[in-house]
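Construct all of the structure, not just a fragment, from the sequences and the given hints.
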Amino acid sequence: MYRYDEVDYRIVRERVAQFRDQTRRFLAGELSEDEFRPLRLMNGLYIQRHAPMFRIAIPYGHLASRQLRKLAHIARTYDKGYGHFTTRQNMQFNWPALERVPDILSELADVEMHSIQTSGNCVRNTTTDAFAGVAADELIDPRPYCEIIRQWSTLHPEFAFLPRKFKIAVSGSVEDRAATLVHDVGLHVVRAADGEIGFKVIVGGGLGRTPIVGEVIREFLPTRHILTYLDAILRVYNRYGRRDNKFKARIKILVKALTPQGFAAKVEDEWLHLKDGAATLRDEDVAHYASFFGAPAYETLPPNPEAFTARLAEERAFARWVEQNTRTHRQPGYRSVVLSLKKTGVPPGDITAEQMEAVADWSERFGFGEVRVAHEQNVILPDIKESDLYEVWQLARSQGFATPNIGLLTDIICCPGGDFCSLANARSIPVAEAIQRKFDDLDYLHDLGEIDCNFSGCMNACGHHHIGNIGILGVDKNGEEWYQITLGGSQGNHTAIGKVIGPSFAQADVPLAFEKIMSLYVEQRLDGERFIETVRRIGLEPFKERVYAKHH
Amino acid sequence: MRSIIKDGQVVTDSWAVLRPDENGKLPEVAPERDVIVPFSAWKAEPSAWQNRAGQVAVWLAPDDEPGELAAHLASFPLLAVDFPAFTDGRGYSIGRLLRERYHYRGELRALGDVWQDLVHYLWQVGFNSFEIKEGKALEDALKGFGTFSERYHSTWREPEPLFRRRNINHKSVA
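Chain order of the listed sequences is A and B. In terms of our numbering, the first sequence opens at residue 1 and continues consecutively. In terms of our numbering, the second sequence opens at residue 1 and continues consecutively.
Quick caveat, the hints were computed from the structure, so don't treat them as lab data. It cannot be assumed that every hint is accurate.
What the hints assert, rightly or not - Keeping only pairs whose Cα atoms sit at most 35 Å apart, straight-line, the calculated DSBU-like set for lysine-lysine is:
id, chain 1, residue 1, chain 2, residue 2
1, A, Lys165, A, Lys499
2, A, Lys248, A, Lys266
3, B, Lys133, B, Lys6
4, B, Lys25, A, Lys246
5, B, Lys6, A, Lys275
6, A, Lys499, A, Lys438
7, B, Lys25, A, Lys167
8, A, Lys167, B, Lys133
9, A, Lys165, B, Lys143
10, B, Lys136, A, Lys167
11, B, Lys43, A, Lys246
12, A, Lys246, B, Lys136
13, B, Lys43, B, Lys133
14, A, Lys499, A, Lys246
15, A, Lys550, A, Lys516
16, B, Lys25, A, Lys248
17, B, Lys133, A, Lys246
18, B, Lys133, A, Lys165
19, A, Lys266, B, Lys136
20, A, Lys477, A, Lys438
21, B, Lys6, A, Lys550
22, B, Lys143, A, Lys246
23, A, Lys248, B, Lys133
24, A, Lys165, B, Lys6
25, A, Lys275, B, Lys136
26, A, Lys167, A, Lys499
27, A, Lys256, A, Lys246
28, A, Lys248, B, Lys136
29, B, Lys133, B, Lys143
30, A, Lys248, B, Lys43
31, A, Lys275, A, Lys256
32, A, Lys256, B, Lys43
Right, dumping it as structure tokens:
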């Protein structure tokens with residue numbers, strides 16, 4: 001993992017002192033609400049339904065065990081004993097007091113953490129594949145580049161006041177697990193014919209009010225140029241992005257207005273002046289950052305040890321968990337374990353202080369003290385020996401982390417919704433729970449197979465409902481909560497925006513609609529066909545007919 | 001005469017910033033007065049402005065194109081960029097372009113919604129004088145320059161980004 005040096009520490013400490021002073025001046029009336037709002041947002045602090053909502057950066061989803069323990073301590077000391085993992089791999093607290101946020105920041109700085117730019121119209125936390133560094137299909141480890149981008153984006157003086165928020169994702173593997181096609185900028189690794197590694201640059205994707213799949217503006221950017229090229233993109237956006245209407249201020253609107261070719265031409269023109277400048281990465285610079293992400297001290301182990309395979313054969317529940325909640329590893333004899341934060345009855349992504357501490361313990365006892373946060377709002381133990389899996393499974397069960405539903409219908413990606421968020425049109429948590437209850441039969445759930453279900457409480461789309469195979473959007477109809485269902489969205493290399501199937505549903509009718517959709521899928525699927533493949537093959541019409549058919 | 005911040009000091013300043021009224025008309029000023037005029041007004045009749053007894057400078061609005069000034073930069077003792085709202089960050093890019101691309105070396109002043117929490121960034125991208133927003137103390141704004149002692153990026157003040165200045169002793173990683 002990246003470790004701060006003296007300078008990184010100093011910058012974060014100075015940021016804490018700055019925010020402490022800003023908060024003091026606001027409370028003393030020296031800063032107006034209009035002046036303080038953008039400043040506090042750039043430190044992840046919203047004023048929400050119950051209290052401030054405070055968002056802490058987890059750069060590219062990487063956490064050390066001591067950092068997770070610190071988050072547990074913060075949850076207990078400053079909040080109500082739990083936190084919430086977001087789809088940007090960050091952590092949110094819903095109940096801190098404004099006056100105490102500077103103290104929280106100070107505690108975070110002790111463990112090399114901060115909340116810089118977790119909100120506001122600036123460059124947000126860069127996200128990547130939660131399996132970076134351990135995935136079997138990786139071309140390059142994206143994390144050194146994520147850290148380079150994190151440092152570049154931190155307090156960048158030219159881009160502190162963009163037209164709107166700006167999100168960057170990096171994928172270093174063949175299969176894009178970082179949703180690079182639905183980010184303001186996506187960098188997806190490519191290998192040129194001569195073997196050189198670079199990035200495909202995708203711009204203008206995004207969800208929210210105007211969901212759009214991004215456009216490739218450069219097929220191959222050698223890795224050394226990423227910062228100067230990002231400077232060029234951001235400068236074009238900063239200067240020409242719309243500022244008159246916040247709903248039209250994201251870069252995707254500018255890319256559409258200029259056309260992707262027109263936008264690319266402007267960026268290339270800007271880049272001519274920046275290319276090969278001082279921000280160009282030298283080999284030794286990349287090597288410096290890569291040195292933090294070397295492989296840990298793996299043991300040389302035989303794959304599939306007998307103790308493991310015997311348990312698999314004996315216990316069906318264990319075998320099911322291994323199949324669903326663990327991933328193959330590039331190191332023989334190891335697997336990555338996904339701890340499900342999608343247990344029925346628990347708001348998706350929520351985690352208690354005790355659970356955080358348990359995960360920290362396991363990461364040290366069985367792994368190398370590292371934990372990952374997936375943008376699907378689950379927690380990953382990246383390096384677990386196959387011979388330890390049985391014990392880890394039992395421990396995970398004891399903490400409610402072992403629901404074998406990763407990638408299945410009940411692994412719902414979900415925003416906090418109207419229970420917490422003042423932007424939301426509708427509550428998401430109770431509806432997600434009702435769906436989970438409807439599909440609580442594990443055999444049926446597993447038979448339905450891989451299904452991405454995404455849920456947003458409003459069109460800001462924090463739950464990424466557009467790219468759910470089945471998506472739900474909370475809408476407001478005359479002050480009542482209604483729910484729109486979309487089908488056919490997907491993430492990854494075949495990213496697509498889902499389509500609305502018809503009129504929205506009352507809260508109580510959502511699980512039934514899901515049941516009808518799934519029953520039609522089961523009837524229609526061809527051998528081995530996943531849900532999304534059936535939707536693509538037969539289209540939306542049969543689903544509409546089934547869901548909206550009059551009762552006989 | 002009023003006070004501004006220039007190169008980290010509070011100084012008195014005699015430049016008059018001319019802003020159009022709601023009819024687009026600029027206020028009348030004595031010909032010997034030094035004036036900062038809107039870029040659009042200067043563009044309309046550059047020689048008339050240049051022939052005044054007093055000095056002339058221009059201020060750019062966020063949507064002005066600094067490249068249009070490139071050929072004339074040497075004739076200005078001062079350029080200014082207006083920040084109608086501090087959340088409008090276009091002027092930061094204008095600052096860098098004037099300094100880095102067009103090599104403007106004279107005084108570069110930030111006008112408008114400019115105060116303590118912004119001067120650090122503005123200084124980095126090339127501004128060296130600051131007309132602080134009315135109602136904000138200049139002494140407070142001065143504190144803003146010391147907020148951060150180090151930064152990661154390549155900027156006009158510090159072209160070498162931190163990653164090139166770090167004492168890197170790592171062997172190359174396979």
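Results of checking the hints against the structure:
Between Lys165/A and Lys499/A the CA atoms are separated by roughly 25 Å; this keeps the pair inside 35 Å, and the hint holds. For the hint pairing Lys248/A with Lys266/A, the CA-to-CA distance comes to about 20 Å; that is within 35 Å, so the pair holds. Distance restraint check for Lys133/B and Lys6/B: the Cα-Cα separation of roughly 14 Å lies within the 35 Å cut-off, and the hinted pair is therefore satisfied. About 31 Å separates the Cα atoms of Lys25/B and Lys246/A, which keeps this hinted pair within 35 Å; it holds.
The straight-line distance between the Cα atoms of Lys6/B and Lys275/A is roughly 32 Å, inside the 35 Å bound, and the hint therefore holds. The straight-line distance between the Cα atoms of Lys499/A and Lys438/A is roughly 23 Å, inside the 35 Å bound, and the hint therefore holds. About 42 Å separates the Cα atoms of Lys25/B and Lys167/A, which puts this hinted pair outside 35 Å; it is violated. Taking the CA atoms of Lys167/A and Lys133/B, the gap is near 32 Å; set against the 35 Å cutoff, the hint holds.
Under the criterion of a C-alpha separation no larger than 35 Å, the hint pairing Lys165/A with Lys143/B is consistent with the structure, at around 28 Å. At most 35 Å may separate the alpha-carbon atoms for a hinted pair to count; Lys136/B and Lys167/A meet this at roughly 33 Å. With a C-alpha separation of about 32 Å, the suggested pairing of Lys43/B with Lys246/A holds against the 35 Å cut-off. Straight-line distance between C-alpha atoms of Lys246/A and Lys136/B comes to about 28 Å, which keeps the hinted pair within the 35 Å bound.
For the given pair, Lys43/B sits about 27 Å from Lys133/B by alpha-carbon distance, which is consistent with the 35 Å threshold. Among the hinted pairs, Lys499/A with Lys246/A is consistent with the structure: their alpha-carbon atoms are about 24 Å apart, no more than 35 Å. Under the criterion of a C-alpha separation no larger than 35 Å, the hint pairing Lys550/A with Lys516/A is consistent with the structure, at around 13 Å. Distance restraint check for Lys25/B and Lys248/A: the Cα-Cα separation of roughly 32 Å lies within the 35 Å cut-off, and the hinted pair is therefore satisfied.
About 25 Å separates the Cα atoms of Lys133/B and Lys246/A, which keeps this hinted pair within 35 Å; it holds. For a cut-off of 35 Å, the pair hint linking Lys133/B to Lys165/A stands: about 26 Å separates their Cα positions. For a cut-off of 35 Å, the pair hint linking Lys266/A to Lys136/B is broken: about 38 Å separates their Cα positions. For the suggested pair Lys477/A and Lys438/A, the alpha carbons sit about 25 Å apart, so the restraint of at most 35 Å is met.
Using a Cα cut-off of 35 Å, the hinted pair Lys6/B and Lys550/A is violated, with the two alpha carbons roughly 75 Å apart. Taking the CA atoms of Lys143/B and Lys246/A, the gap is near 32 Å; set against the 35 Å cutoff, the hint holds. For the suggested pair Lys248/A and Lys133/B, the alpha carbons sit about 29 Å apart, so the restraint of at most 35 Å is met. The hinted pair formed by Lys165/A and Lys6/B meets the criterion: a straight-line CA distance of about 32 Å does not exceed 35 Å.
For the hint pairing Lys275/A with Lys136/B, the CA-to-CA distance comes to about 40 Å; that exceeds 35 Å, so the pair is violated. Between Lys167/A and Lys499/A, the direct Cα distance comes to roughly 24 Å. Compliance with the 35 Å bound is thereby established for this hinted pair. Between Lys256/A and Lys246/A, the direct Cα distance comes to roughly 16 Å. Compliance with the 35 Å bound is thereby established for this hinted pair. In summary, the hint linking Lys248/A to Lys136/B is supported, as the alpha carbons are separated by about 33 Å, within the 35 Å threshold.
Using a Cα cut-off of 35 Å, the hinted pair Lys133/B and Lys143/B holds, with the two alpha carbons roughly 15 Å apart. For the hint pairing Lys248/A with Lys43/B, the CA-to-CA distance comes to about 31 Å; that is within 35 Å, so the pair holds. Among the hinted pairs, Lys275/A with Lys256/A is consistent with the structure: their alpha-carbon atoms are about 25 Å apart, no more than 35 Å. Between Lys256/A and Lys43/B the alpha-carbon distance is near 32 Å, which keeps this suggested pair within the 35 Å criterion.
Checked against the numbered hints above, the structure breaks hints 7, 19, 21, 25 and satisfies the rest.
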